[in-house]
Amino acid sequence: MIDRKETKQRMSRAVIHNNTVYLCGQVAKDSSEDITRQTITMLEKVDTLLSDVGSSREKLLSATIYVKSMNDFQAMNAVWDAWVPEGHAPARACVEASMAREELLVEISVIAAL
Amino acid sequence: MIDRKETKQRMSRAVIHNNTVYLCGQVAKDSSEDITRQTITMLEKVDTLLSDVGSSREKLLSATIYVKSMNDFQAMNAVWDAWVPEGHAPARACVEASMAREELLVEISVIAAL
Amino acid sequence: MIDRKETKQRMSRAVIHNNTVYLCGQVAKDSSEDITRQTITMLEKVDTLLSDVGSSREKLLSATIYVKSMNDFQAMNAVWDAWVPEGHAPARACVEASMAREELLVEISVIAAL
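Chains as they are written, first to last, in this note's numbering: chain A, 1102 to 1215; chain B, 1102 to 1215; chain C, 1102 to 1215.
Hints are computed from structural coordinates only; laboratory data are not their basis.
Backbone N, C-alpha and C define an ideal beta-carbon position, used for all residues, glycine too.
Hints may be right or wrong, so weigh each one.
[Unchecked claim] Under the rule of at most 25 Å between Cα atoms (straight-line distance), these lysine-lysine pairs were calculated in the DSS-like manner: (1) A:1169 <-> B:1169; (2) C:1146 <-> C:1106; (3) C:1146 <-> C:1169; (4) A:1146 <-> B:1109; (5) B:1130 <-> B:1146; (6) C:1169 <-> A:1169; (7) B:1146 <-> B:1109; (8) B:1169 <-> C:1169; (9) B:1106 <-> B:1146; (10) A:1109 <-> C:1146; (11) B:1169 <-> B:1146; (12) C:1109 <-> B:1146; (13) C:1106 <-> C:1130; (14) A:1130 <-> A:1106; (15) A:1146 <-> A:1109; (16) B:1169 <-> B:1130; (17) A:1146 <-> A:1130; (18) C:1169 <-> C:1130.
[Unchecked claim] Derived coverage of chain C by chain B (criterion: at least 3 residues anywhere in the stretch with Cβ under 8 Å from a Cβ of chain B; other residues may be distant): (19) 1104-1117; (20) 1186-1200.
Start from the sequences, fold in the hints, and give me the full structure.
So, in structure tokens, the structure goes:
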């Protein structure tokens, strides 16, 4: 009834219920990089997780994006807009918030369909 | 299986799956106004979106409200409390966060039932 | 179709739809206490609410945690890691944000399965 992927003590990378998948907050692969590269590698991780559970970026339902500084809003959006498949954009909210580590510039929470 | 409304490259205004609708983050119609007017027009936009997909404010499941300053918490709540239909209040969380534009004082993410 | 628990004008403590329960943002029982005690009593309230609707911490799908200061991240996680049942961790995101009252150090939004 509930299916979990890559479950550790603190969180699962993905949790599936009712044909809906909830991803844990994804951040950049390398947090020393700039907002463009952080957004690119963050979204690559989203792709991998979605693919692992049989979903894809065509099936995003909702995305909540946290940026450390709204000064990075345009640069983040440039990567985001190129990544979203035309005609398949999710509902989205984006607010400013700091993350678990000082150097992280962007994080995303995703809900997708299977 | 997934139904989207007003889909642009960056986001869809509403995404429907499993009889559940996810709205994109809604903000005031006119961001030059005060917190009371911003909350009123933000919730008018929620009404319109919900109505467009066959839902309504009676069917809210969850709302996440971001306020730029907790100094506006009471004024926002006064509008919110009057807007929520008696007996139909959603689960709600409200935290402080800045939004995409400096002048925005409040934003809401909504999940509702169809 | 939609079932609500402890509904007041502003929010319901829990809203159920499609075998999924959305909890309102939970905070500490006593906000004068430190991050460890605030996290413990916040999660006790999550337990109570989930139990009241026939769910449990074994059925968490997604958790969004807001901490007032990332300086409290480790102390919050120590409580969290001990609370999550092994093999049942939800998807999770954690960002820094202030809450409705100055003294609140942590808040959690939960989506769970019934």
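Results for each hint:
1. A:1169 <-> B:1169: holds (15 Å)
2. C:1146 <-> C:1106: holds (14 Å)
3. C:1146 <-> C:1169: Since the Cα atoms of residue 1146 of chain C and residue 1169 of chain C sit roughly 19 Å apart, the hinted pair holds (cutoff 25 Å).
4. A:1146 <-> B:1109: Between residue 1146 of chain A and residue 1109 of chain B the Cα gap is close to 23 Å, so the pair holds against 25 Å.
5. B:1130 <-> B:1146: With Cα atoms ~8 Å apart, residue 1130 of chain B and residue 1146 of chain B stay inside 25 Å; holds.
6. C:1169 <-> A:1169: Holds. Residue 1169 of chain C to residue 1169 of chain A sits at ~15 Å (cutoff 25 Å).
7. B:1146 <-> B:1109: Given that 25 Å is the threshold and the Cα spacing comes to 17 Å, the pair holds.
8. B:1169 <-> C:1169: holds (15 Å)
9. B:1106 <-> B:1146: Status holds; Cα separation ~14 Å.
10. A:1109 <-> C:1146: Holds: residue 1109 of chain A and residue 1146 of chain C sit about 23 Å apart, inside 25 Å.
11. B:1169 <-> B:1146: holds (19 Å)
12. C:1109 <-> B:1146: Satisfied, since the Cα-Cα distance of roughly 23 Å is no more than 25 Å.
13. C:1106 <-> C:1130: Between residue 1106 of chain C and residue 1130 of chain C the Cα gap is close to 19 Å, so the pair holds against 25 Å.
14. A:1130 <-> A:1106: The hint holds at about 19 Å.
15. A:1146 <-> A:1109: The hint holds at about 17 Å.
16. B:1169 <-> B:1130: At roughly 16 Å apart (the allowed maximum being 25 Å), residue 1130 of chain B and residue 1169 of chain B satisfy the hint.
17. A:1146 <-> A:1130: holds (8 Å)
18. C:1169 <-> C:1130: This hinted pair holds, its Cα atoms lying about 16 Å apart.
19. 1104-1117: holds (count 10)
20. 1186-1200: With 3 residues in contact (Cβ-Cβ under 8 Å with chain B), the coverage given for the stretch 1186-1200 of chain C holds.
No hint from the list above goes unmet by this structure.
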